Structure formats: structure tokens, C-alpha cells
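Asks: What follows is each chain in one-letter form.
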Amino acid sequence: MSALSSVTAATLAKDLRLEWRSKDAINSMLFFSLLVVVIFSFSFNPTAEESRQIAGGLVWVAFLFAAVVALNQTWARELRNQVLDAYRVSPAPAVALFLAKAIGNFIFVSVLEALMMPLFVVFYSLRALGPAWQLIPAAALGTWALVVNGTFFAAISIRTRSREIMLPLLLFPISVPALLGMVEATSSILTGEYSAKFWIVLLAVYDVVFTTACLILFETVLNAE
Amino acid sequence: MKYLYAAYAATWLIHIGYLSSLVARYRRLQREIEEARKK
Amino acid sequence: MKRAFPIFALITAGLLSFALYQALVVAPTEQTMGDVQRIFYYHVPSAWTAFILFFTNLVASIVYLVRRNLKADAVAVVSAEVGLVFLTVNLVTGPIWARPVWGIWWTWDWRLTSTLGVWVIYVSYLMLRRFSASTQTPVLASVMGIFGAACVPFVYFSIWYFRTQHPSPVIGRGGELDPRMAHVLLINWLAFSCFAFLVCWSRYRLERVRREVEETQALEALLETRSVR
Chain A
1 MSALSSVTAA TLAKDLRLEW RSKDAINSML FFSLLVVVIF SFSFNPTAEE
51 SRQIAGGLVW VAFLFAAVVA LNQTWARELR NQVLDAYRVS PAPAVALFLA
101 KAIGNFIFVS VLEALMMPLF VVFYSLRALG PAWQLIPAAA LGTWALVVNG
151 TFFAAISIRT RSREIMLPLL LFPISVPALL GMVEATSSIL TGEYSAKFWI
201 VLLAVYDVVF TTACLILFET VLNAE
Chain B
1 MKYLYAAYAA TWLIHIGYLS SLVARYRRLQ REIEEARKK
Chain C
1 MKRAFPIFAL ITAGLLSFAL YQALVVAPTE QTMGDVQRIF YYHVPSAWTA
51 FILFFTNLVA SIVYLVRRNL KADAVAVVSA EVGLVFLTVN LVTGPIWARP
101 VWGIWWTWDW RLTSTLGVWV IYVSYLMLRR FSASTQTPVL ASVMGIFGAA
151 CVPFVYFSIW YFRTQHPSPV IGRGGELDPR MAHVLLINWL AFSCFAFLVC
201 WSRYRLERVR REVEETQALE ALLETRSVR
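Chains as they are written, first to last, in my numbering: chain A, 1 to 225; chain B, 1 to 39; chain C, 1 to 229.
FYI, nobody ran anything at the bench for these hints, they're computed from the structure.
In this text, all values refer to a predicted model and were calculated from it rather than measured experimentally.
Keep in mind that the hints are not guaranteed to be accurate.
To be verified - Only some residues are given here: those of chain C computed to face chain B with a beta carbon under 10 Å:
| id | residue |
| --- | --- |
| 1 | 20 |
| 2 | 42 |
| 3 | 96 |
| 4 | 101 |
| 5 | 199 |
| 6 | 203 |
| 7 | 205 |
| 8 | 206 |
| 9 | 217 |
Each residue gets a CB set at the ideal place from its N, CA and C atoms; glycine is no exception.
If we strip away everything but chain A, and leave its shape as in the complex, we get (with noise of 0.2 Å):
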């Protein structure tokens, strides 16, 4: 269990330091997100009342598209300099690398969700009539939720023609309950007339079922031939 952790920790730690150092990804990333927002403002300008209703499907559509776009270069450092076959030769299990990507990918993210977030409530007047803090478990269980099928069907994605669109293709059916579970949460916790319990109780159920089984059949993917 050691080496998996240490391993995990150890890719993980790479990632970060190599995009802390480099910044490309997340500069693009952030120009992106806010792109997003903003197209999102232009497109649909609702009322105070109306905007509460929607603003949870909206804020997390924007989210979906700005994790593809992270996600979609999750594998590229990887596959540019044969990591992938390194990995597959060392005794170094597989999980870790995964986890190590899961978790990068979560990390940044967030960060991205972080900095979104306050823009939109500012341009559609946000103010959650329920309870606030439940956004808290239902954004994180959610983000993970995209994020750790979002990377397992990346790895998927790099061996088919057209890697770009195969990612959304594999993510986006797989992700409807959780999605939706998502949605329903923020809209209840900004309007206040439902309980958000329930939704985030599916996506806690939801992200132990899909963990566990990119975990299972990881090892799987990297080594199809």
C-alpha cells in the first residue's frame, strides 16, 4: 500500500511542479473559463428570479466544457515522451498513475471551478436561499464525478482517430447522473425549495461505483495492445 501512495504522491507532485513551472495549460485554461462565462452571460441574460432557477444547469455546463478541455491534455505530456510504455514495463502499479492524474486533474479543476464561480454570481446576481455549505460536498463530489471518468476515458480516447472529440463523446452519456445530480443540487441549494440531500447522496454513491471501477480496469486500458 506504501509504494501506491508514495508512487501516487510522487507522479502527482510532477505534475504539479511541471505546470506551475510551465503555466501554458493554466493560462489558456482560465482565458477559457472565462470566455465561457462570459458567451454564457450574453446568451442567457434572465431576471433575479429566473436566473436561480437556471443558474445551476448553466454553471455546470460551463464547468463540463471547460474539465474537457483539461482533460484532453491530461495524457498529451505522457504520450509525447513514451511515459505510457515506461509505466507499462515498471513494476510501478498502474493506480497510481491514475490516481496521481485523477487527482492532478481534480486539483485543477477546482481551482478553475474557484475562479469561476464568483463571476458568475456576479453577473446573475447570485444568492443561495438554502443552504450554502452543501455546495461545498455537492461541487466536490461533482467535480470528482467528471473528473476521474473524464480521465480514464482520456486514456481511453488517445488510442481512437479523433482523440479530441472521443474524449466528450465517452464522458458526456457516462456522466448524465451525475450531471444531473449536480444541477439539481446547486439549483436547490440557490432556491431553497428543495433538499439537496438526496442529490448529493447519488453522487457520493456515483463516485464510489465509478471509482472503483476505473480503478479496477485501468490497469486493463494501459496495457491494450
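Please build the complex by placing chains B and C on the supplied structure of chain A, with the hints as guidance.
Replies: The following block gives chains B and C in isolation, referenced to the frame of chain A:
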């Protein structure tokens, strides 16, 4: 009730469409086999 | 074996005709919706058949991953494709039923919406099969088959709960089922299951031929490059 007949017709149209695509694919494969044999 | 197919096809044709007669003539007319309700006898069996086929896909995917048996992979692609055809029938007959009953084509009714969610999952499965390199397709597709099947219960459950919070018009039967109607429903299900089996059988034969041709072409390409050197 024309909707009833439309639904039943649509069902069979979809099934016939799929079966036709199978036939077309099969014919294309047969053609490829023929060409390969000629070579 | 060669004889079995046409014989079975004839039996199926007979069953389907009998089932159609049962649905259109024998089954009692529903009180509130009238004759339009008879769409039910085609709409529901299509969904049941599709889900049996998707379950077959799940089993075949798991068998492939465990045993690496290519026949299992062939069964997987066949069951996914044919299952999708039947699910498409369900998705098309649903709105045709909704229109006269509710006046609108799509009501975001929970069953139909969940079906759409599942439909989209298996379309993406087939797209993955098409876009991946053929040596890797079985492994990648089996993995996605498992993910897809795991997602189905979540799709249904989440959309069901969403609909209990935000109710909308429901397509399909509201409550009790008249036993005579249940009888006709089962007959149609039997007939469509036999038909599904026939279609799968045909598709499987096509798949066998396709794979042989592909292998031969790959072998030829290999030999050509060798001889050029």
C-alpha cells in the same frame, strides 16, 4: 387512429431499415472477397 | 444448422402476425386513451428486448475481459447494435403515443428520458468501437460496455427522483393492467424476442464474415510489405 398505425409502421420501418443495412454490408463484403480472389 | 434459420424465421413471422392480430383486434380497448393505447404492445416489448440485449452485452464484455475470447467480443457488438435498434423503436413509438394523448411530442417523462439517456450511452459505445484501432477495440469496448451498464441504474434512478420532484405528464400506463392486456403484451414480447434472436443471428453471421475478411486483408498487407523488402 392514424397515430396507432404510424407507430406500428415506424417500428417496422426501423427494423426493415436495419436489416437492409445488414444486407448491404454483407453484399459489400462479398464484393471484397470476389476482388481478393481475382487478384 | 442451415435449415434451422429459415424454419425459425417462418415460425417468428407467424408469431409476429399472431401477436399483431392480438394487439389490434383481440386486446380490449383502453378506457381513457382509446385505440392509441395499443401502441403499448409494440412500445414496451421493444424496451424489454433492448434491455435483455444490453445485459447480454454486459455479460459478453465481462467474459471477453476474463477469457479474451473473440467470440464473446462478437456477441458484445451484435447485442449492442441490435439492442440499440430495439431501443430506437421504443424511443420513436413513445412520442407517437404521447402526441395524441398529451398534445406534445416529448414530455420529458421519466421513462422516456431515461431511455434517451441509455440510448446515448450505447451510441457512444458503438462510436468507440468504430473509432478505435481494431486490435484494441475488444478490450476498450468491453471496458466501456461495463461502464455503460453500470451507469444505466443511475440514469433511471436519478431521472425518476428528478421527476418526483418536478412532475410532468407521464407516457404509458398509469396504474393497473387488465390481465387480458398483460396476456397480449406477453405474446408480443415473445414474438419480438424471437425476432430479436433472428436479427442477432444474422448480425453475428455478418460479423464472422467481416472479421475473416479483415484478418485476411491484414495478413495480405503483412505479406506484401514483407515481399517488397
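Asks: Determine for every hint whether it applies to the structure shown.
Replies: A quick look at each hint next to the structure:
{"no.": "1", "hint": "20", "result": "holds, 8 Å"}
{"no.": "2", "hint": "42", "result": "holds, 5 Å"}
{"no.": "3", "hint": "96", "result": "holds, 4 Å"}
{"no.": "4", "hint": "101", "result": "holds, 9 Å"}
{"no.": "5", "hint": "199", "result": "holds, 7 Å"}
{"no.": "6", "hint": "203", "result": "holds, 6 Å"}
{"no.": "7", "hint": "205", "result": "holds, 8 Å"}
{"no.": "8", "hint": "206", "result": "holds, 5 Å"}
{"no.": "9", "hint": "217", "result": "holds, 8 Å"}
Checked against the numbered hints above, the structure violates none of them.
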